[in-house]
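Engineer: The residues making up each chain are set out below.
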Amino acid sequence: MPVEYISRIRDLYLSLGYGAYKWTVNETPPPWQPLRKPLAQCRLALAASGGIYVAGQKAFHYKDDTSFRAIPRDAAVADLRATHFAYDLTDARRDPNVVFPIGTLRGLAQEGVIGALAGHAYSFMGGIYSARRVTEELAPALREALVREQADAALLVPV
Amino acid sequence: MCHQSVGLIARLLESAGISTLCMSSALDISRAVNPPRTAFLDYPLGHTAGKPGDPALQREIMLQALEAFTSLTAPGAVKMLPFRWSEDDSWQKTAMRGKDDRLPRLDTPQYQSEDDRSRAEEACAICPPRTS
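Chains A and B are the protein sequences, given in the same order. Under the numbering used here, think of the first position of the first sequence as 1, with each following residue one higher. Under the numbering used here, think of the first position of the second sequence as 1001, with each following residue one higher.
Hints in this document: simulated from the structure, not taken from any laboratory. Check the hints yourself; a few may be wrong.
Claimed, not checked - Lysine to any residue pairs mimicking SDA-like chemistry, simulated, CA-CA at most 20 angstroms apart:
#	chain 1	residue 1	chain 2	residue 2
1	B	K1099	A	R8
2	A	K22	B	D1100
3	B	K1093	B	F1083
4	A	K63	A	F85
5	A	K37	A	Q110
6	A	K58	B	S1090
7	B	K1093	A	Y13
8	A	K37	B	S1071
9	A	K37	B	L1072
10	A	K58	B	A1120
11	B	K1079	B	D1028
Said to hold, decoys possible - Here are the computed distance ranges between Cβ atoms for each label pair:
#	chain 1	residue 1	chain 2	residue 2	range
12	A	E136	B	A1056	39 to 47 angstroms
13	B	C1124	A	E111	33 to 41 angstroms
14	A	A116	B	K1093	15 to 23 angstroms
15	A	P2	B	A1074	17 to 25 angstroms
16	B	P1104	A	E111	25 to 33 angstroms
17	A	R148	B	D1088	41 to 49 angstroms
Note that CB positions come from ideal geometry on N, CA and C, so glycine has one too.
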């Protein structure tokens, strides 16, 4: 049985004297855009929330940071860094592919499983309490970036 | 919150004509925000795309996840990936229970190392000077 995070997080917050977090519940069906061509012909963009940046870029902060970093698709995995307040960073720092699978996807693009990777992968610090700020700031900015990249498809990886 | 943020972004991208697939390791949060397509991997948070140092496993997980782009045909559907973190699933007992180990929500950049900080600040020294 998968862990029930909503009830565990509620219990954790209550034990700390906080109220229950109001999770976004979308009861309407999501929008739906089937792939227009086989994945082997698609340009795929990675967007991940694990707080990854490339050495030399500005790191994320932990208080509803709605910025993102564009990471060149050929960035060396050894130059990737992880910063986030809400998950254990040990394994992400050992091997960033566990939350930012850029190396994995590069391999699959070379094999021909994916047509190509978009010029950049996108990273943000997804621990944003304000769903409104995600919807109004981060999501439209990423949409613009991915449209500019001419991405056919996006793989989103939370932590 | 990460799963919620990603789901909100996926819904917006999909409405802009980009097909999306969300990976997930928090099924209830993903189902609540209801992205177009989800591939669920029952691993501890912080390992949504596999185990560290095991590229063969990471590749296999990704291959099976990516199949969901075409195998899922109903909006909001979830593909359950057939991988287990450990034989006994004991990690589930302690996940998000007990002590609060989140870091303080500081509003300044949190670098992995001081070296990263110097490199980023040097890079910014070549940014255009501020006019104010």
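Engineer: Quick check: which numbered hints come out false for this structure?
Structural biologist: Of the numbered hints, 6, 14 and 16 do not hold.
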